[in-house]
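Asker: In order, the protein sequences belong to chains A and B. According to the working numbering, the first sequence is numbered sequentially starting from 3. According to the working numbering, the second sequence is numbered sequentially starting from 433.
It is worth saying that the hints were derived from the structure and are not from the lab. Some hints could be false.
[Unchecked claim] Simulated crosslink set (DMTMM-like; lysine to aspartate or glutamate; CA at most 25 angstroms straight-line):
| no. | chain 1 | residue 1 | chain 2 | residue 2 |
| --- | --- | --- | --- | --- |
| 1 | B | K611 | B | D589 |
| 2 | B | K679 | B | D440 |
| 3 | A | K185 | B | E505 |
| 4 | B | K611 | A | D188 |
| 5 | B | K679 | B | E445 |
| 6 | B | K679 | B | D641 |
| 7 | A | K185 | B | D539 |
| 8 | B | K611 | B | E574 |
| 9 | B | K578 | B | D638 |
| 10 | B | K611 | B | D638 |
| 11 | A | K185 | B | E574 |
| 12 | B | K611 | B | D641 |
[Claimed, not checked] Now the stretches of chain A that chain B is said to cover, found in silico as 3 or more residues with beta-carbon under 8 angstroms:
| no. | region |
| --- | --- |
| 13 | 186 to 196 |
| 14 | 203 to 216 |
Here a beta-carbon is modelled for each residue, glycine too, at the ideal position from N, C-alpha and C.
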Amino acid sequence: MTLAPESLGRSSRPSRRQRLFRSMLDALRNPLLAVGGFLVLIQLVAVLFVGHILPFGPNTMDYNALLGAPGASHLLGTDELGRDILSRLVDGARLSLSVGLGSVAMAALIGVPLGLVAGYLGGAFDAIFMRLIDSIIALPPLVLALTIAAVLGTGLVNTTIAIAIVAIPAFTRLVRGQVLSLKTNDYVLAAESLGAPTWLILFRHILPNAINPVIVQASLAIGFAIITESSLSFIGLGAQPPQSTWGSMVQVGFQYLELQPFYALAPATMIFLAVLGFNMLGEGLRQQFDPASRGIK
Amino acid sequence: MSDAVSPDVPTLEVVDLVKTFPLSSGFLSRVTGGVHAVDGISFAVGRGETLGIVGESGCGKSTAGRTTLKLLEPTSGQIRLLGRDITRLSRAQIRPIRREMQMIFQDPFSSLNPRMTAGQLVGEPLGIHHLARGAERIDRIEALFKQVGLRPEQMDDQPQQFSGGQRQRIAIARALSVKPSLIICDEPVSALDVSIQAQVVNLMMDLQDQYQLSYVFIAHDIAIVEQISHRIAVMYLGRIVEMAETKTLIGEPLHPYTEALLAAVPKPKPGMGRRRKALGGDIPSPINPPPGCHFHTRCPIAVARCRVERPALRTVASGRQAACHLR
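Just chain B, with the same shape it has in the complex:
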């Protein structure tokens, strides 16, 4: 499938993706409202590229990832994988295509079936997609184990016998087994110790270089995202508020929310670096989001216009977008 795609077609294109969860109440379960988890986001990821998505808990970044993979049914918008529109494919239709898009989950303690061995877990996708069986499958599993830094002798061990970092390596080997084009990583390192985080991120970057993988790397920690991403999208309450090359976004953030996120990163030395701007308050409810700019309730520079008019995600410079009336 990937051979037929010309190099200028992005691996993944998402256009105006909306995911609303209906809220029902009462005896007959009438739909009385909705949670606007993802409120019209657009992005593209090229071959061999990593797009980081950052934002606070509850901003819709995980929902965005899951909806993109069609694990949740999108409410509206379009998802194109390797140029092919997969938005309206049924569950059965999408199964063979899932080979091209894999997912790594946040918690390696719950994303690996405790009743299967590490080898079975890594080999399972090969079986589902009829890629290898018997001795060939064992060989492939061994090779994958070595590739992610596990020893093939550990194949018969169960997930409980591994540490968090090792489990995440199993999850990576599993995703890698079918040679996908795209891996969506939903907070893949936030459940790990800091020292292990770097190892896993390095492993993921090595694998990307080797296989020209595209990643969507979802995390709440902008420092980790900065390390792995070529471009970063900042999400707030279901919308992308700023998207730019990593260096540009970190160096000179445009949106006040991006500034606040950066200010929250601990500094190696006190008193050096960025200006501190602690953000007060909580993220508003996505059931009843504030009108205008979603961020105006917490924005240090908000003006009257921000309370009424929704700022569009404008292209500010080449490859750089921000959604703020004032910047």
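Bound conformation, chain A alone:
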């Protein structure tokens, strides 16, 4: 006699790897996810590989070709110091993406645990702490980033910190909301009844179930971070010469708009595509994680 007839007869269920593959295929059918992912992938490839195969370094000057027009040797022309714009664009992508990814990683690393603790503990800590977070949200993000960057001083590291501080509240609020709904689940109570310490409940039982919206938020926040960094660099607070990010290239190139339109337009286009890519990726991921928002299934 079998003790558990219902445990028998496991039909040909797909293995984990097969399921992962299937969900990736499914994801590619989502146009937002496919296009967004493609745009982001191109930038990463450009940063990681293309820089090495370009004939000119980003800071190599050619005094014979100042503000040169696009041609065979300089595909996008040269700037006012005879530097290859394409090389500088790729190098700018490295810096822009570093600031974008770095600031968002920093914001998530600080904001997510704070949201976990605030949501789980509740009470006075939650009430006081969340009002502090609200006060950050109350200020316009660009103005706040500008102020913090101005206080900290110029340079990309300080820019990264300034953007991270501005991006923290979104993560904290998001995770806190998730925790509030997840912590009423029986499995959280079950973990507590097993004698699990609070950190284990937070990081093993609550965080993995709250992570999907965090990933979406991170992708959207990278878009915001890139545009904020560009804005700060445009007004001269971010990258300092000879470093150049897309924002500072637009700033300088703006002065030569009539002589060499690609100088400003190329980095501006890159900012546009990068932000578009990350936003589409984020929105696509949101739809993928939450099929109800696509109106199917």
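Given the coordinates of chain A, assemble chain B onto it according to the supplied hints.
Answerer: Same frame as chain A, now just chain B:
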């Protein structure tokens, strides 16, 4: 811990347990009243014994179970586990003791973390209480899987891949992993198909015989409770109204509420067995419970005295208690 306890100390003793949830209202959240979810209940569960707790939804039986496990802070009363008073222990102090008392939840679809595999779920308590690691833990998990009727190959599957009955088996294996003395089962089978209910109940009874487990088995279905329990306590609006050996309670119920519960059980053949007494009305609000006997608003035999005086839970015969002025 369990080795040091003499056999005559009950696994669990609960004395005058009260759990009130404060009700607050207004801008400054002033406490304006309370929900008397558990209103002074006492019971004991011996080694290898099952105490069934039955009652309608909202009678406080789940709260009683959770408060007993200190998942909710008791308002007053005393809880003794294996002779040790755990009533006022802090969350941190009670963690190591939780090894002795486990819980099985009603809904196996929400009580298992969907992000963990079945093996991780069953092995988690072993890690929390530092009982086994590495290969030894895998061996223990395999043994537990076999014990509850799951195949060890299913260890890497996620809870979503199991049926309700199988999930409840995972929950049982999980509770069993730390070799507890007491398992509080909060409606463990009411979310399952009837055919699966019997299998799970049988499994629980087998495990009890094997490990001398003590169960507190909470359910609203007196037929299931009858099957597994040695003794049954009937709860109504936060109080125990009758408690007796299963046979006695089912055979000759004393309290009119117990009679009504029994009358509600469907009979195999129409017209046979117990006299029908359908109970009208709803369970009154525990925020403002009726005075006197809580049951008088629905009781078919209530008299004037029942509306004023609260009946005490009297010992009627040996091992048999009832709270009714008239019986």
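Asker: Compare the structure with each hint and give your call.
Answerer: Against the structure, the hints:
no.	hint	verdict
1	B/K611 / B/D589	holds, 24 angstroms
2	B/K679 / B/D440	holds, 23 angstroms
3	A/K185 / B/E505	holds, 17 angstroms
4	B/K611 / A/D188	holds, 22 angstroms
5	B/K679 / B/E445	holds, 22 angstroms
6	B/K679 / B/D641	holds, 20 angstroms
7	A/K185 / B/D539	holds, 15 angstroms
8	B/K611 / B/E574	holds, 15 angstroms
9	B/K578 / B/D638	holds, 13 angstroms
10	B/K611 / B/D638	holds, 15 angstroms
11	A/K185 / B/E574	violated, 30 angstroms
12	B/K611 / B/D641	holds, 13 angstroms
13	186 to 196	holds (count 9)
14	203 to 216	holds (count 4)
Checked against the numbered hints listed earlier, the structure breaks hint 11 alone; every other hint is satisfied.
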